[in-house]
Amino acid sequence: MSDPVLSVRNLVTQFETRAGIVTAVDDVSFDVGPGEVLGLVGESGSGKTITGFSILGLIDKPGRIAGGQIVLNGQDLRQLSPPDLHKLRGDRVAMIFQDPMMTLNPVLRIDTQMIETIRAHRDVSKARAREMAIEALGLVGIPSPAERVRTYPHEMSGGMRQRVVIAIALMLEPDLIIADEPTTALDVTIQSQILSEMQKLLAERQTALIWVTHDLTVVAGLAHRVAVMYAGKIVEQGPVDALLDHPAHPYTQGLIASIPSSVPRGQRLVPIKGMTPSLINLPKGCAFAPRCPKTSDQCLSARPEQENLGSARTLRCFHPSEVSS
Amino acid sequence: MLAYLIRRFGQAFLVMAVMAAIVFFGLYAVGNPVDLLINPEADLAEQEETIRRLGLDKPVHVQFGYFLGGLTQGDLGTSFVHNRPALELILSRLPATLELAFLGILLAVILGIPLGMIAGLKPDAPYSKVIMTGSVIGFSTPNFWQGLMLIMLFAVFLGWLPAGGRGETVDLFGIPVSFLTWDGLGHLILPAINVAIFKMSLVIRLTRAGASEVALQDYVKYARARGLSPARVLGVHILKNIMIPVVTVLGLETGNVIAFAVVTETVFAWPGIGKLLIDSIGLLDRPVVVAYLMLTVFLFVMINLVVDIAYSILDPRVRVKRGKS
Numbered sequence: 001m002s003d004p005v006l007s008v009r010n011l012v013t014q015f016e017t018r019a020g021i022v023t024a025v026d027d028v029s030f031d032v033g034p035g036e037v038l039g040l041v042g043e044s045g046s047g048k049t050i051t052g053f054s055i056l057g058l059i060d061k062p063g064r065i066a067g068g069q070i071v072l073n074g075q076d077l078r079q080l081s082p083p084d085l086h087k088l089r090g091d092r093v094a095m096i097f098q099d100p101m102m103t104l105n106p107v108l109r110i111d112t113q114m115i116e117t118i119r120a121h122r123d124v125s126k127a128r129a130r131e132m133a134i135e136a137l138g139l140v141g142i143p144s145p146a147e148r149v150r151t152y153p154h155e156m157s158g159g160m161r162q163r164v165v166i167a168i169a170l171m172l173e174p175d176l177i178i179a180d181e182p183t184t185a186l187d188v189t190i191q192s193q194i195l196s197e198m199q200k201l202l203a204e205r206q207t208a209l210i211w212v213t214h215d216l217t218v219v220a221g222l223a224h225r226v227a228v229m230y231a232g233k234i235v236e237q238g239p240v241d242a243l244l245d246h247p248a249h250p251y252t253q254g255l256i257a258s259i260p261s262s263v264p265r266g267q268r269l270v271p272i273k274g275m276t277p278s279l280i281n282l283p284k285g286c287a288f289a290p291r292c293p294k295t296s297d298q299c300l301s302a303r304p305e306q307e308n309l310g311s312a313r314t315l316r317c318f319h320p321s322e323v324s325s
Numbered sequence: 001m002l003a004y005l006i007r008r009f010g011q012a013f014l015v016m017a018v019m020a021a022i023v024f025f026g027l028y029a030v031g032n033p034v035d036l037l038i039n040p041e042a043d044l045a046e047q048e049e050t051i052r053r054l055g056l057d058k059p060v061h062v063q064f065g066y067f068l069g070g071l072t073q074g075d076l077g078t079s080f081v082h083n084r085p086a087l088e089l090i091l092s093r094l095p096a097t098l099e100l101a102f103l104g105i106l107l108a109v110i111l112g113i114p115l116g117m118i119a120g121l122k123p124d125a126p127y128s129k130v131i132m133t134g135s136v137i138g139f140s141t142p143n144f145w146q147g148l149m150l151i152m153l154f155a156v157f158l159g160w161l162p163a164g165g166r167g168e169t170v171d172l173f174g175i176p177v178s179f180l181t182w183d184g185l186g187h188l189i190l191p192a193i194n195v196a197i198f199k200m201s202l203v204i205r206l207t208r209a210g211a212s213e214v215a216l217q218d219y220v221k222y223a224r225a226r227g228l229s230p231a232r233v234l235g236v237h238i239l240k241n242i243m244i245p246v247v248t249v250l251g252l253e254t255g256n257v258i259a260f261a262v263v264t265e266t267v268f269a270w271p272g273i274g275k276l277l278i279d280s281i282g283l284l285d286r287p288v289v290v291a292y293l294m295l296t297v298f299l300f301v302m303i304n305l306v307v308d309i310a311y312s313i314l315d316p317r318v319r320v321k322r323g324k325s
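Residue numbers (my numbering), protein chains in the order written: chain P, 1 to 325; chain A, 1 to 325.
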C-alpha cells in the first residue's frame with residue numbers, strides 16, 4: 001500500500017466536565033490509504049464521532065485534543081495555525097454529517113451554501129463557482145441540478161439533501177472524507193443508492209473515506225478495513241472480511257451476533273447484555289469487562305494493551321478467540 | 001400578494017373604525033370639555049356660542065355622525081384647544097417623534113445585536129457577564145429615571161449636551177429635522193439614548209438567547225467543517241437565523257416608541273406627539289385624541305406589514321405560507 005492519506009497516532013481527546021475529565025477518545029491509532037474506506041464502528045458514545053471531529057480540529061470547549069498526532073499527507077494537523085486549519089477543512093478534508101435535515105442552513109439557498117464553500121477555498125468567480133456547484137450536484141444524481149441549486153433545503157427531501165451534502169464534500173476533490181453515519185437518517189432504498197454512488201465516485205478519484213457508523217451491515221458492503229470502537233478505544237481493527245468472519249474480540253463477536261441476518265431464521269438474537277459504560281467512571285480494568293462473557297480477574301484489574309496480530313490486525317483483549325487465517 | 005395587501009389594509013381599516021368609535025364615546029363619557037375650555041368669567045351667551053361652535057350642543061350620536069361625515073372627506077375634526085385641524089396638528093409634531101424613535105431603535109440594533117452575540121457565544125467570559133448585568137439594569141430601571149440620570153451626568157455635571165428641547169432644525173423635503181445640524185443632533189442624542197437603553201437591553205437578551213441556541217446547531221458546525229471563515233459563520237449562518245425574534249420585537253417596539261414616547265418626550269421637553277397626546281387627554285381635546293389613536297393604529301399596521309415582509313426575506317420557510325395567510 002502507498003503512503004497513507006491520514007495517519008492517526010495515539011489520539012486522545014478529553015472533555016472537562018463538572019464530574020471530572022472524560023476521555024472520549026483514548027489512544028486511538030489508525031491509517032487510511034488513498035481510495036481506502038475505513039469503517040469506524042461502535043455504539044453511541046463510543047467516541048467514533050468525536051474521533052471524526054478531532055481530525056478536523058472541530059472539538060469545542062470544554063473539549064480538547066490532549067495528545068497524539070493527526071498526520072494528513074505528511075503534515076501534522078495539530079501543529080497548524082487556526083487559519084491554516086480553516087483552509088484545509090472542506091478542501092482537503094471534507095465531512096458529511098449524520099442528519100441531512102440539520103446540516104444545511106435552513107435560511108440559505110443551496111447555491112449560496114455551495115458557492116461560499118468553493119469561494120472559501122478557490123479563487124474563482126461567482127459564476128464559475130455556480131457552474132462547479134451545478135456540476136457537482138449532477139454528479140451525485142440530482143435531477144435538473146441547475147434548477148435545484150436555486151432552492152432552499154426545506155424544499156428538498158432528506159435523500160436529496162444528503163446528496164447535496166455529499167456533492168459539497170466531493171466538489172473540491174478532497175483527499176479524505178469523514179462521513180458520520182450519513183445514511184442512518186435515510187430510508188433503506190435511498191441508503192443503498194447513495195452508498196453505491198459514493199463508492200463509485202470515491203473509487204474513481206482515489207479519495208480516502210472514514211465511514212463512521214453503528215451499522216456493521218453497511219460496513220461489510222462498503223469498507224476495506226474496520227476499526228471497532230468501545231468506550232473511546234479501538235478494541236479491534238483489521239481488514240473487513242477477516243475481521244467480520246473471524247472476530248477475535250468478544251465485543252466484535254457480540255456486535256455480529258446481534259445482527260438479525262447473521263443467525264439462522266427462527267433462532268433468538270443474542271444481544272450484548274448491559275449498557276455502554278459511562279465514560280466518567282470507567283472500570284479500572286477493561287471497559288468491556290462488565291459485559292463480557294470471558295471476564296477474568298486480570299480483565300478487572302488491568303487494561304489490555306493494543307497488540308498486533310499480524311496481517312494488519314490489532315486487538316485489545318486478554319482472552320481473544322483464535323484467529324484462524 | 002395583492003390580495004394579501006388588500007386584506008391587510010381591510011383589517012387595518014376595521015380596527016381603525018372600531019378604535020375611533022370606542023375612543024369617541026369613551027371620551028364623551030369621561031367628561032365635558034366645555035368645563036375645561038371655557039373661561040368661567042365669560043357670560044352665558046358667550047359660553048353657548050362656544051359650545052355651538054365646537055358642535056358640543058348636539059347629542060353624542062349626532063356628533064359622531066358629523067365626525068364620520070368629516071372622515072369621508074379626510075377631515076378628522078378640529079382641535080377644541082388649538083383651533084387647528086387635528087391631523088395637521090399631529091403631523092406637525094410627528095417628525096420630531098419619528099426622528100427620536102428611529103434613532104433610538106437604530107442605536108438599540110447596532111449596539112444590541114453585537115453585544116448580544118458576544119454574550120451568547122462566550123457565555124462564560126467576564127465581559128459577557130457585564131453585558132448581561134447591564135441589560136438587566138437597562139430594562140428594570142424606570143425609563144424616566146434613566147432619562148434624569150442622563151441629564152444629570154451629561155447636561156449638569158459634564159455639560160456636554162443640552163438637557164432638553166429640539167435645537168436647531170433644517171428642512172428635509174419640507175419636514176423639519178434635527179439630526180442634520182450639529183445643534184439638533186446634540187439635542188437629539190440624549191433622548192435617543194434614553195429611548196435606546198430599554199430596547200437595547202431587550203435586543204441583547206433576544207440575540208443572546210438566539211445565538212447560544214443557534215451556535216449549537218449542526219449547520220453551524222457544518223459551516224465550520226466546510227472551512228468558512230469565522231466572520232462568515234457568525235455574520236451569515238448564525239445571524240440570519242437569530243434575526244426573526246429580534247425583528248418581531250423591534251417591530252412592536254418601534255410602534256411603541258412612536259406612539260408612546262411620552263415619558264422620554266416629557267423628561268427631555270421634546271416637542272413630539274407623545275406630549276401632545278397627554279396634553280390633549282388632559283384637556284379632553286377629543287378630535288386630537290381620536291385622530292392620534294387612529295394614526296397610531298395605522299402605524300402599527302404598517303410596521304407589522306414591514307415585519308412580515310422582513311420575515312419572508314429572513315426565513316424562506318415563511319414565504320410558502322404567506323400566499324395563503
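To be clear, the hints were calculated from the coordinates, so they are not data collected in a lab.
Take the hints with a grain of salt, since some may be wrong.
Simulated crosslink set (PhoX-like; lysine-lysine; CA at most 25 Å straight-line) [unchecked claim]:
1) K275(A) x K61(P)
2) K87(P) x K61(P)
3) K294(P) x K273(P)
4) K126(P) x K275(A)
5) K275(A) x K87(P)
6) K240(A) x K221(A)
Against the structure, the hints come out as follows:
1. The hinted pair formed by K275(A) and K61(P) fails the criterion: a straight-line CA distance of about 52 Å is larger than 25 Å.
2. In summary, the hint linking K87(P) to K61(P) is supported, as the alpha carbons are separated by about 21 Å, within the 25 Å threshold.
3. At most 25 Å may separate the alpha-carbon atoms for a hinted pair to count; K294(P) and K273(P) meet this at roughly 13 Å.
4. Distance restraint check for K126(P) and K275(A): the Cα-Cα separation of roughly 54 Å exceeds the 25 Å cut-off, and the hinted pair is therefore not satisfied.
5. Between the alpha carbons of K275(A) and K87(P) the distance comes to roughly 58 Å, so the proposed pair goes past 25 Å and is violated.
6. The suggested pairing of K240(A) with K221(A) holds, with an alpha-carbon distance near 15 Å, which does not exceed 25 Å.
Taken one by one, the earlier hints fail for this structure at numbers 1, 4 and 5, listed in ascending order.
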